[in-house]
Amino acid sequence: DVVLTQSPLSLPVTVGQPASISCRSSQSLSHGDGGTFLHWFQQRPGQSPRRLIYMVSNRDSGVPDRFSGSGSGTDFTLKINRVEAEDVGVYYCMQTTHWPGTFGQGTKVEIK
Amino acid sequence: EVLLVDSGGGLVQPGGSLRLSCASSGFTFSDFWMTWVRQAPGKGLEWVASINPDGSVQFYVDSVRGRFTISRDNGEKSLFLQMHSLTIEDTADYFCAKGEWGDNWGQGTPVTVSS
Chain A
1 DVVLTQSPLS LPVTVGQPAS ISCRSSQSLS HGDGGTFLHW FQQRPGQSPR
51 RLIYMVSNRD SGVPDRFSGS GSGTDFTLKI NRVEAEDVGV YYCMQTTHWP
101 GTFGQGTKVE IK
Chain B
1001 EVLLVDSGGG LVQPGGSLRL SCASSGFTFS DFWMTWVRQA PGKGLEWVAS
1051 INPDGSVQFY VDSVRGRFTI SRDNGEKSLF LQMHSLTIED TADYFCAKGE
1101 WGDNWGQGTP VTVSS
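These protein sequence lines map, in sequence, to chains A and B.
According to the numbering used here, the stretch in the first sequence is residues 1 to 112, in order.
According to the numbering used here, the stretch in the second sequence is residues 1001 to 1115, in order.
What the hints contain is simulated information worked out from the structure, not anything from laboratory work.
All values reported here derive from a predicted model rather than from experimental measurement.
Distance windows between CB atoms, simulated:
1. 98(A) - 1053(B): 14 to 24 Å
2. 112(A) - 1053(B): 41 to 51 Å
3. 1031(B) - 33(A): 11 to 21 Å
Straight-line C-alpha distance at most 25 Å; calculated BS3-like pairs for lysine-lysine:
4. 108(A) - 1043(B)
5. 112(A) - 79(A)
6. 79(A) - 1043(B)
7. 1043(B) - 112(A)
8. 108(A) - 79(A)
Ideal Cβ placement from N, Cα and C applies to all residues, glycine included.
For reference, chain A alone in the conformation it holds in the complex (with noise of 0.2 Å):
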């Protein structure tokens, strides 16, 4: 199965900078049709998860554009412009390239 490991685990942000979480694959996400299916997603306490992106830098309807993917191949980023209080909860990258879909381990940001 394809690993995905974020980093940092653990995001201390001070309101209104900005903050970036890190999402690695153990093998290529770029599917043979041209498409890379790397999507993120949002938990926040006692919630159920929220789609942010998908297919690496598609944000979905409703979502700041504070919120943005990018990446290629194994190496992929979401990036907060300016954190606001409302952002506290923890993101999971997932990939579904490849069967099974797996998920990264997750990232909790909170604030300062």
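Add chain B to chain A, keeping to what the hints say.
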């Protein structure tokens, strides 16, 4: 608005069985893959199983293959997860999700396997 409502969780003894359900609305259920994901207490997310739109293709994570069965009723717009031979390691919140990529998620239903 897409809505997914998970149900059927509960307390079950090791070796027991449970059937989870996910009722959907707000989208054309029969057009989409559907997925079950679980989260053990205090842990991360684990993809469990996915099923294609007409129900003819299913994929499972190794740890549940042969014990769990994912199915769907497109007429009722519902997704199911039949779980047999449950072990303590299956204790988790179970979420249904629209699509293979987790477009939208249910609220989750808790499964506790304990004697």
